[in-house]
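Once you've looked at the hints, dock chains Y, E and Z against the given chain S.
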Amino acid sequence: MARADQQHPSDEQEVMKGTSAVAKGVMAADPDVVSAYPITPQTGVVEKLSELVADGKLDSEFIKVDSEFNAASTCIGASAAGARAFSATSSQGLKLMSEPLFTAAGMRLPIVMAVANRSLSAPLSIWADHTDAFAERDGGMLQFHAEDVQEAIDHVLLGFRVAEQVNLPALSNFDGFILTHVQEPANIPDETEVSEFLPPRDPEYTLDPSDPKTMGAYARPEHWTESRYEIQRAMMDAREVWADAVEEFRDVFGRDYTEYGGMLDTYHAEDADHIVVAMGSIAGTVRNVVDAYREDGETVGMVRPRVFRPFPAPELRDALADAESVAVLTKEMSPGYESAFAGEIKGALYHAESRPPIKSYVLGMAGRDVKPEDIAEIVEDVKTATPRMGFKESESWPQLRPELLEGGDDR
Amino acid sequence: MSDTQDPYENLKITTGVVAEPNTSRTNETGSWREYKPVVDPDTCIGCGQCETYCPDQAAKPVEGEDFYAFDLDYCKGCGICADVCPTDAIEMVREVK
Amino acid sequence: MYAIRIHGRGGQGTVTLAQLLAQAGHEEGIWTQATPSFGVERRGAPVEAYVRYSDEKITERSHVEQPDCVIVQDTSLLEYVDVTEGLEDDGILLVNTDADPAAVDVDTDADVITVDATEIALENLGRPIMNTALLGAFAGATDKLSTGSLESVITRKFAGEVGRKNVAATTDAYTEVHA
Amino acid sequence: MSSDPQEQDYTDRLEHDDELWNPGHRACAGCGPALAMKYITEAAGENTIVTNATGCMEVVSTPYPESAWGTSYIHNIFENAASVAAGIEAAYKSFDRRDPDHLDVQDSDDLNIIAIGGDGATADIGFRALSGMMERGHDVLYIMYDNEAYMNTGVQRSSQTPFGAETTTSPAGKESIGNDTNKKDMASIAADHGVPYVATATISNPRDFKQKVEKALEIDGPKFIHVYAPCPVGWGFDSAKTIDLAEKAVETGLFPVFEMEDGEITSVNKIRDREPIEEWLEPQGRFRHLFKDEENGEEAIEELQGWIDGRAEDLGLDA
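Residue numbers (the numbering used here), protein chains in the order written: chain S, 1 to 411; chain Y, 412 to 508; chain E, 509 to 687; chain Z, 688 to 1006.
Here chain S stands alone, though its shape is the one from the complex (with noise of 0.2 Å):
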């Protein structure tokens, strides 16, 4: 709970701006080489890295590149050669990205990079939503969700830290204006702390000529499901992997992630029938819903995924298991099918014990605000979910405004 843990501001923590605060996390990880592209909301990390640059405190090789497919192929050359590589992006560069991050993974690849989510064309709109991060959801990069600023910061450490052990890229993820250009306060890790949390990059493989390598072979239908299956394999390791460096991350920092291995973080989940999972900024509005039902003696909850790849499945059988109802939160959506968050978490629960009726409730996209009312709506809705509602009941668009729609949305 992490409310709880600070009544005062500290005199440590500076008020700044969300991208200005993640570039100085990247400062601290002391990358080699950044490579990044500018796109609103991201520009910020891009703008703030060249002016460390510029200004001699951070030494990283800065590649002002063409696109975000280059800055993707420019971090893959980079790290192939043994360095940190970092970069930085969100909605349509994500998917300009995507072919070269594929790739990234499967040659194991560490290259971490801060993702300002945002939506995806058409139509354009330049605010908040999960559909960039979803769509990257089967590469094989681990992905990590930030609540606010200061998980921000610290998911880019804790990325570089996990990726580099594992040999997977890692996408940071924040959403795009409500915490890139949100100004509050967070502490800036300092060298000195990430040193001792992080250590320089030690690779197995690297392009020194003086040990030649070949990097990039295809791959026969002999061996391609195994490197595959190593992707796999590697993602399983980095939950243990996960664990152990948010508990070093605790005695390093002071900040405790540590619930649920790292994997989830909940508030007022444990006793409580009704239960909200979300990811990422909307969880802090949830909070003071939660704050509410519970002023008013009812048991509702929220869980947060923390880490959204791999995927937190037993930590959620787990802190789902006694709920009455359980409402997903999520600003994106699968279309065809319903939200992949809420089908994962539901695919989750399929071999549970314990199955509570799971409904979805797709919002806040393209940085529709969500007010603490309509997530209130929202519980008040989940409290008549019933195991045996079928799948058409189990989706909601509760933002959306039929009167908007060709026809209506008589069908």
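Hints may contain errors.
Calculated pairs, DSS-like style, for lysine-lysine (alpha carbon to alpha carbon, straight line, at most 25 Å) [unchecked claim]:
1) S:K57 to E:K665
2) E:K652 to E:K673
3) Z:K780 to S:K64
4) S:K95 to S:K64
5) S:K383 to S:K359
6) Z:K780 to Z:K902
7) E:K652 to E:K665
8) Z:K897 to Z:K871
9) Z:K780 to S:K57
Worth flagging that the hints you see were computed from the coordinates, not collected in a lab.
For chains Y, E and Z alone, kept in the frame of chain S given last:
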């Protein structure tokens, strides 16, 4: 696959599928050949044009001799060597296997 | 929780004012959060920013809909934007204008306070950049921020002479409103 | 030794040096690009990192776990060999400055970073990556091996396919003479990026090509070499004629060989008595239709000849 045994059947996958250098030599491409270069040692002047232009590094000087010949483990029988040979010392003959 | 909503135009430094308010609140030892409400609009378009103050860590991420204080950077907005929407009856409407409060054309039970921040900025800085004056006026009107906190955040943001001039603008506005 | 040619076998008496492009690669018999790889590695030596685009030279050289490469080598995807090389260069610059003793890498000054791509990977799909790498000034030598179509996927038309050539996506037919565009001038495009050294070369003149590679590697910053490498399968000619056809492309002026330094042409391999383009077209299956359809074929050949003559004049090709 053909009836030949897959030499990599039990191969371990390295992290990131990284391969060792200079390992293609295990793949003997000589089996692809239909025509075989045959050198007339008396006509060969040892100029090395065949070596220069062989895409498979199969044309080499013969140890202790002053003429060139062909590594039949790798020669694919393209015939470039015969074409570039200034003295027509190389003849492509249909190989009877 | 104490919530502020700022109305301005792109290019008037709405985001900077929100940032200064958040940083000054932080100096006071309270939790703060400043969120600009961005669009793809360019210079001149109406913009909003939100600031929250709290004794507890702020986790709320929604837009501010029931502000305790509304700051209006430019009265020409009053014609197009319902600046008092949701404003608490016991709240404050702080308007940058040379007019008297009674002359401000708004329908609200909240306390209307006016300050000619643009004139104060022109006097002190020689340029009509009114954000530090509005920061001082907010502090004077609410007693939420001490002059020491204002000075500290302003001198951190603006170095040297520019910083000193901005502190002077802040102090003038603070004094005018506080008195 | 038997005098029966079927019996002749000196294999055991031949010695392979430490080649950096090794036999056992799976290129077709008579492959022009495979020769280009051989010359590149011979010229660059072992202190080299090669990045390779997806394409023929990638698939034939690295079916896991085999590798024909003796140098450090990386393939990533079709369209980013230039960017991967740029990232490697940035990493080594960073290592130089920051001295990460844990990596034990060498000084980037002595290091050759070479990006290799086919004509499709370079002039078409990888054009953005190439342009960015050159414009930013990375210390990378980019070599485009040009076999005038997408051969890896089965002979589809690229922006380097010559006028009149039949490919599987520019077939000749009642309404089509084959490919209806001339070769995109990559050397000039590279030079216009401010690239200090640009050259063209062919696999028919390895000494010239290797000298150009060596010269390029001596120069700081981006370099671009366009090397001409015929494909017997895609062009439809006898695999023995690979060198011959490369040479004919030069002699007819279809492929001019020259150097550009700091944007200016500094050397041109002059051609005495430039041969008509028919000499080069006729042996190739992909141009067969031009000789069957007298009227349209002639017109197409004239058009191609016109383009060649224009370029020859611009370059001062004729001796």
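A quick look at each hint next to the structure:
no., hint, verdict
1, S:K57 to E:K665, "holds (19 Å)"
2, E:K652 to E:K673, "holds (22 Å)"
3, Z:K780 to S:K64, "holds (15 Å)"
4, S:K95 to S:K64, "holds (19 Å)"
5, S:K383 to S:K359, "holds (10 Å)"
6, Z:K780 to Z:K902, "holds (21 Å)"
7, E:K652 to E:K665, "holds (20 Å)"
8, Z:K897 to Z:K871, "holds (24 Å)"
9, Z:K780 to S:K57, "holds (17 Å)"
No hint from the list above goes unmet by this structure.
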